[in-house]
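The numbers in the working numbering rise by one with no breaks, and the one at position 116 of the sequence shown is 116.
Source of the hints: derived by calculation from the structure; they are not laboratory data.
Do not rely on the hints blindly, as some may be mistaken.
Below, a list of computed lysine-lysine pairs in the DSS-like style, where the Cα atoms sit at most 30 Å apart [unchecked claim]:
#, residue 1, residue 2
1, LYS97, LYS79
2, LYS77, LYS67
3, LYS77, LYS90
4, LYS79, LYS129
5, LYS101, LYS167
6, LYS79, LYS101
7, LYS129, LYS97
8, LYS167, LYS67
9, LYS67, LYS97
10, LYS77, LYS162
11, LYS167, LYS77
12, LYS101, LYS162
13, LYS129, LYS77
14, LYS101, LYS71
15, LYS90, LYS67
16, LYS162, LYS90
17, LYS90, LYS71
18, LYS129, LYS167
19, LYS90, LYS79
20, LYS67, LYS101
21, LYS90, LYS129
22, LYS97, LYS162
23, LYS101, LYS90
24, LYS77, LYS101
25, LYS97, LYS71
This structure is a prediction, so every number in the text was calculated from the model and none was measured.
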Amino acid sequence: MQFQRPAEVISNDHRVLTNVEIVYFAEEENYLYTLIPRSLNGSPVPFSTDQIYNLVYTSYQHIHFFKVSFKDLAQHKGKPVYDFQVLEYKCVDNARKEERKNVEYQAVVSDFNQIGFVTILDISYSGLKIETDYELTSEFIEVFFDEENIPRRAMGRITWEKHDIYKDLYYYGVELHYR
Numbered sequence: 001m002q003f004q005r006p007a008e009v010i011s012n013d014h015r016v017l018t019n020v021e022i023v024y025f026a027e028e029e030n031y032l033y034t035l036i037p038r039s040l041n042g043s044p045v046p047f048s049t050d051q052i053y054n055l056v057y058t059s060y061q062h063i064h065f066f067k068v069s070f071k072d073l074a075q076h077k078g079k080p081v082y083d084f085q086v087l088e089y090k091c092v093d094n095a096r097k098e099e100r101k102n103v104e105y106q107a108v109v110s111d112f113n114q115i116g117f118v119t120i121l122d123i124s125y126s127g128l129k130i131e132t133d134y135e136l137t138s139e140f141i142e143v144f145f146d147e148e149n150i151p152r153r154a155m156g157r158i159t160w161e162k163h164d165i166y167k168d169l170y171y172y173g174v175e176l177h178y179r
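Using the sequences and the hints, build the whole thing.
Shown next, in the form of C-alpha cells:
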C-alpha cells in the first residue's frame, strides 16, 4: 500500500518519541518504509535495531497500530527511508470519528469530590484519554489544561476506564464538551 501518512512513534509506556511519514506498507511482506524523521537540529532521529516500537496512524475512520522493529536504511522512489519490520498490525474503528493526537499534557481534573493532576495521553476535538495514579469517583469531570499555549476548560463524561494493576495507574476515556 503506497501512501504518505503522518504517524507517531510511541514507546511502550505511551510516550510519543517522534513523528514520521509512512510512505509504503507491504502487509504481506511485513515491512513498512518511513521518511527519515529529523530532530530539532536537523540530524536524523536514530532508532535501535534491538528495540520494539509502536507506530500509530489515525484517520477519521480507523486507527492503524503497527508494532515494529527498525531494520535498516533503504531507498524508496530514489529517496532514503527507514525500513521497519512489521511484527504486528491491527486496524480498529475510530470511535470518535476524528483524528487523534498523542500528547503528554499535564491537566487539573475535578470530579466534584476531589481535585488532582492527570496526564492527557491522546486528544481530539471531542475527547481525550487520561492517565492518573488515583481513581476518579464521578462519571462527570471538569478538565483544565494548556493546549499549545492556549488555556482550555471542558466538562467531560467518562465513557470507559481501565486499571493497570501492574503500574497501579488508571486510564479513562473522556467525552468532552468545551465551555
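Hints, verified against the model:
1. Straight-line distance between C-alpha atoms of LYS97 and LYS79 comes to about 33 Å, which puts the hinted pair past the 30 Å bound.
2. Proposed proximity of LYS77 and LYS67 is supported: the alpha carbons are some 24 Å apart, at most 30 Å.
3. Taking the CA atoms of LYS77 and LYS90, the gap is near 26 Å; set against the 30 Å cutoff, the hint holds.
4. The suggested pairing of LYS79 with LYS129 is violated, with an alpha-carbon distance near 36 Å, which exceeds 30 Å.
5. Restraint check for LYS101 and LYS167: the C-alpha separation of about 23 Å stays at or below 30 Å, so the hint holds.
6. Only pairs whose Cα atoms come within 30 Å are accepted, and LYS79 paired with LYS101 is accepted, the gap being roughly 27 Å.
7. Distance check on the hinted pair: LYS129 and LYS97 sit about 15 Å apart at the alpha-carbon level, within 30 Å; holds.
8. Between LYS167 and LYS67 the CA atoms are separated by roughly 21 Å; this keeps the pair inside 30 Å, and the hint holds.
9. With a C-alpha separation of about 23 Å, the suggested pair LYS67 and LYS97 falls inside the 30 Å cut-off, and the hint holds.
10. In summary, the hint linking LYS77 to LYS162 is not supported, as the alpha carbons are separated by about 44 Å, beyond the 30 Å threshold.
11. In summary, the hint linking LYS167 to LYS77 is not supported, as the alpha carbons are separated by about 44 Å, beyond the 30 Å threshold.
12. Distance check on the hinted pair: LYS101 and LYS162 sit about 20 Å apart at the alpha-carbon level, within 30 Å; holds.
13. This hinted pair does not check out: LYS129 and LYS77 have alpha carbons roughly 38 Å apart, beyond 30 Å.
14. Taking the CA atoms of LYS101 and LYS71, the gap is about 26 Å. The hint holds against a cut of 30 Å.
15. Annotation: proposed proximity of LYS90 to LYS67 holds, straight-line Cα distance about 9 Å (limit 30 Å).
16. The hinted pair formed by LYS162 and LYS90 meets the criterion: a straight-line CA distance of about 20 Å does not exceed 30 Å.
17. Between LYS90 and LYS71, the direct Cα distance comes to roughly 20 Å. Compliance with the 30 Å bound is thereby established for this hinted pair.
18. For the given pair, LYS129 sits about 17 Å from LYS167 by alpha-carbon distance, which is consistent with the 30 Å threshold.
19. Under the criterion of a C-alpha separation no larger than 30 Å, the hint pairing LYS90 with LYS79 is consistent with the structure, at around 27 Å.
20. Distance check on the hinted pair: LYS67 and LYS101 sit about 18 Å apart at the alpha-carbon level, within 30 Å; holds.
21. With a C-alpha separation of about 19 Å, the suggested pairing of LYS90 with LYS129 holds against the 30 Å cut-off.
22. Note on LYS97 and LYS162: the hinted pairing holds, with a Cα-Cα distance of about 21 Å set against a maximum of 30 Å.
23. Proposed proximity of LYS101 and LYS90 is supported: the alpha carbons are some 18 Å apart, at most 30 Å.
24. Restraint check for LYS77 and LYS101: the C-alpha separation of about 29 Å stays at or below 30 Å, so the hint holds.
25. Straight-line distance between C-alpha atoms of LYS97 and LYS71 comes to about 33 Å, which puts the hinted pair past the 30 Å bound.
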